[in-house]
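Undergrad: Sequences listed follow chains G and W, in order. Start counting the first sequence at 1; every next residue gets the next number (the working numbering). Start counting the second sequence at 1; every next residue gets the next number (the working numbering).
By construction, these hints were calculated from the structure, which means they are not laboratory data. Everything numeric in this text was worked out from a predicted model, so none of it was measured. One or more of the hints may lead you astray.
[What the hints assert, rightly or not] Simulated crosslink set (DMTMM-like; lysine to aspartate or glutamate; CA at most 25 Å straight-line): (1) G:Lys65 / W:Asp437; (2) W:Lys322 / G:Glu21; (3) W:Lys322 / G:Asp35; (4) G:Lys87 / W:Glu297; (5) G:Lys65 / W:Glu285; (6) G:Lys50 / W:Glu285; (7) W:Lys289 / G:Glu51; (8) W:Lys289 / G:Glu69; (9) W:Lys322 / G:Glu24; (10) W:Lys179 / G:Glu44; (11) W:Lys322 / G:Glu69; (12) W:Lys289 / G:Glu83; (13) W:Lys179 / G:Glu69; (14) W:Lys289 / G:Glu2; (15) G:Lys87 / W:Asp300; (16) W:Lys289 / G:Glu90; (17) W:Lys322 / G:Glu90; (18) W:Lys322 / G:Glu86; (19) G:Lys36 / W:Glu297; (20) W:Lys322 / G:Glu83; (21) G:Lys65 / W:Glu103; (22) G:Lys87 / W:Glu126.
[Claimed, not checked] Computed footprint of chain W on chain G, listed as stretches where at least three residues anywhere in the stretch have a Cβ under 8 Å from a Cβ of chain W: (23) 42 to 49; (24) 104 to 114.
Glycine included, C-beta positions come from ideal geometry on N, C-alpha and C.
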Amino acid sequence: MEHKVDQKVRYSKTHEWVRVEGGEAVIGISDYAQDKLSDIVYVELPPAGKELKAGAACMVIESVKAAEEVFAPVSGSVIGRNEALEKNPELVNTDPFGQGWLVRVKLAAPAEAASLMDAAAYTSYCAAL
Amino acid sequence: MSFIPNTDTDRTAMLEEVGVGSMAELFHDVPVEHRFPRIDLPAPLSEQEVLRELDGLSRKNADCGAAPCFLGAGAYRHFIPSVVDFVLSRSEFATAYTPYQPEISQGTLQAIFEYQSMIARLTGMEVSNASHYDGATSTAEAVIMTLNVAQGARRGVILSAGVHPQYRAVVRTYTQGMKLSVVGDDADRSVEELAGMCNSSTACVVVQNPDFFGRIISPPALTALASKVHACGALLVAAVNPVSLGVLAPPGDLGVDVAVGEGQALGNTLSFGGPYLGFFAFRREHVRKSSGRIAGETVDRTGRRGFVFTLSTREQHIRREKATSNICTNQSLNALAAAVYLASLGPRGLQKVAELCWHKAHYAAQGIARVRGYNVDTSEFFHEFVVHCPIPADEINRRLFQRHGIIGGYPLSSEFPDRKNEMLLCCTEMNGREEIDLLVKALSEVGNA
Numbered sequence: 001m002e003h004k005v006d007q008k009v010r011y012s013k014t015h016e017w018v019r020v021e022g023g024e025a026v027i028g029i030s031d032y033a034q035d036k037l038s039d040i041v042y043v044e045l046p047p048a049g050k051e052l053k054a055g056a057a058c059m060v061i062e063s064v065k066a067a068e069e070v071f072a073p074v075s076g077s078v079i080g081r082n083e084a085l086e087k088n089p090e091l092v093n094t095d096p097f098g099q100g101w102l103v104r105v106k107l108a109a110p111a112e113a114a115s116l117m118d119a120a121a122y123t124s125y126c127a128a129l
Numbered sequence: 001m002s003f004i005p006n007t008d009t010d011r012t013a014m015l016e017e018v019g020v021g022s023m024a025e026l027f028h029d030v031p032v033e034h035r036f037p038r039i040d041l042p043a044p045l046s047e048q049e050v051l052r053e054l055d056g057l058s059r060k061n062a063d064c065g066a067a068p069c070f071l072g073a074g075a076y077r078h079f080i081p082s083v084v085d086f087v088l089s090r091s092e093f094a095t096a097y098t099p100y101q102p103e104i105s106q107g108t109l110q111a112i113f114e115y116q117s118m119i120a121r122l123t124g125m126e127v128s129n130a131s132h133y134d135g136a137t138s139t140a141e142a143v144i145m146t147l148n149v150a151q152g153a154r155r156g157v158i159l160s161a162g163v164h165p166q167y168r169a170v171v172r173t174y175t176q177g178m179k180l181s182v183v184g185d186d187a188d189r190s191v192e193e194l195a196g197m198c199n200s201s202t203a204c205v206v207v208q209n210p211d212f213f214g215r216i217i218s219p220p221a222l223t224a225l226a227s228k229v230h231a232c233g234a235l236l237v238a239a240v241n242p243v244s245l246g247v248l249a250p251p252g253d254l255g256v257d258v259a260v261g262e263g264q265a266l267g268n269t270l271s272f273g274g275p276y277l278g279f280f281a282f283r284r285e286h287v288r289k290s291s292g293r294i295a296g297e298t299v300d301r302t303g304r305r306g307f308v309f310t311l312s313t314r315e316q317h318i319r320r321e322k323a324t325s326n327i328c329t330n331q332s333l334n335a336l337a338a339a340v341y342l343a344s345l346g347p348r349g350l351q352k353v354a355e356l357c358w359h360k361a362h363y364a365a366q367g368i369a370r371v372r373g374y375n376v377d378t379s380e381f382f383h384e385f386v387v388h389c390p391i392p393a394d395e396i397n398r399r400l401f402q403r404h405g406i407i408g409g410y411p412l413s414s415e416f417p418d419r420k421n422e423m424l425l426c427c428t429e430m431n432g433r434e435e436i437d438l439l440v441k442a443l444s445e446v447g448n449a
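Chain G on its own, in the form it takes in the complex (with noise of 0.2 Å):
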């Protein structure tokens, strides 16, 4: 099956995503994690405040088959959390990279995301997997 790649994001190799504007980020995990995952039934946000530190895991998300955790792709505090995943956590299945996103954090250290893949690099990432 063909994935979705949102084309503005920027990519870890453990398959999350983020999206910065400007000192913020929000995250998600791409399609290629969701479908994985299949369907997901819940999803374990962390606490508003919490300070996520890039490359650990900060996360649990359940589907049919697994929970799997998800590491924060950048660090910073989280400002915001997807509510919405609390009543339709198949949010994350049907649109990962727009209303399925997880939280959003204020960046610690912006420069972090440049070191992660572009979508260009991602896709032959996953095509090698």
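Position chain W against the provided structure of chain G, taking the given hints into account.
TA: The following block gives chain W in isolation, referenced to the frame of chain G:
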């Protein structure tokens, strides 16, 4: 048939492998006199003779079916209608182990579902799991659930000293190594004092109602505690006696977030202390942090009613090491006993049982309070109360049994060494008026130093 499935060829091969020539050589190091010791057993008995021997031995026990019994302290003797044992003895229930292919066992799932529904209604909660091992493990799982609700940000647990000492011990055992601060039970604190201990690192406050000493926390006091605990961002856990809920307000109506307790009193025999069942009920918002398994009702593709395990696969098969609890075992047969018991009594029946317990215990307390040398705690209580005796409670019990054939109360010195002269006395609907009168008279006689 030989229970050692080795053939002579196998044995020869093994002896060769270890480099010895024969069996005798293999056992060479065992001194000769110990190789085939004579075991001095009496002559064999027939089945009939064995039964007579065992029956004789069992008659040496003082069982509470024969002797008046006033023991409680967490395990309670109640009347169990015959229908409970009848349903339990059906082979479909009695022999079935945890269904690993659960949906094939619709009857088992329905029984669990109905048990859950009754516990949820009884406790005034939205969700009940399929049960835990006992009241102590339920309490510990409730504490762990509150830590998970706080996502690790809160490490403080406040325990009331009124919680059963064994439950408190199990909470500490379950949570050791989790770097928690478990406090509050070093002194007998009021609910106001417990509320005052709450702060931003408190995950939960745990109380018991009626508490271990039988005392009832009034509904306004419990409600006030709940709102103070919630104001701190913490959760309130209450261990409750399910039979008391026949007359007391359900914890769910009083702001309690997790209601747990020992379910033995619901249709389960005393059975020397187990197996029992721990019930575990809570508010729906915390369902993802709950422990154990939950059976659910659904419809199949043609619209027929069916039952499934809604939330067990998640712990054992999906979340695995990320699970909030790894105990999915439930006490199905005990839970079934509780369900059949509740179904056979109905809400009105349970209320009657609770009223009988209350009246008999209060009748006993009034009688004992009039006996010279004895004092009875004046707090509001349900069916259990503390009696201050003129001499050590152990001695009172010894004399009650030897001289009057009465099984007395629970000596508090078993858990609280400085409370030598105090005992916890319990009355249920099983204690007739005559045996209570007998107890009161006997106490007066055995109380002399």
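Undergrad: Please list, smallest to largest, the hint numbers that this structure does not respect.
TA: 1, 2, 9, 14, 19 and 24
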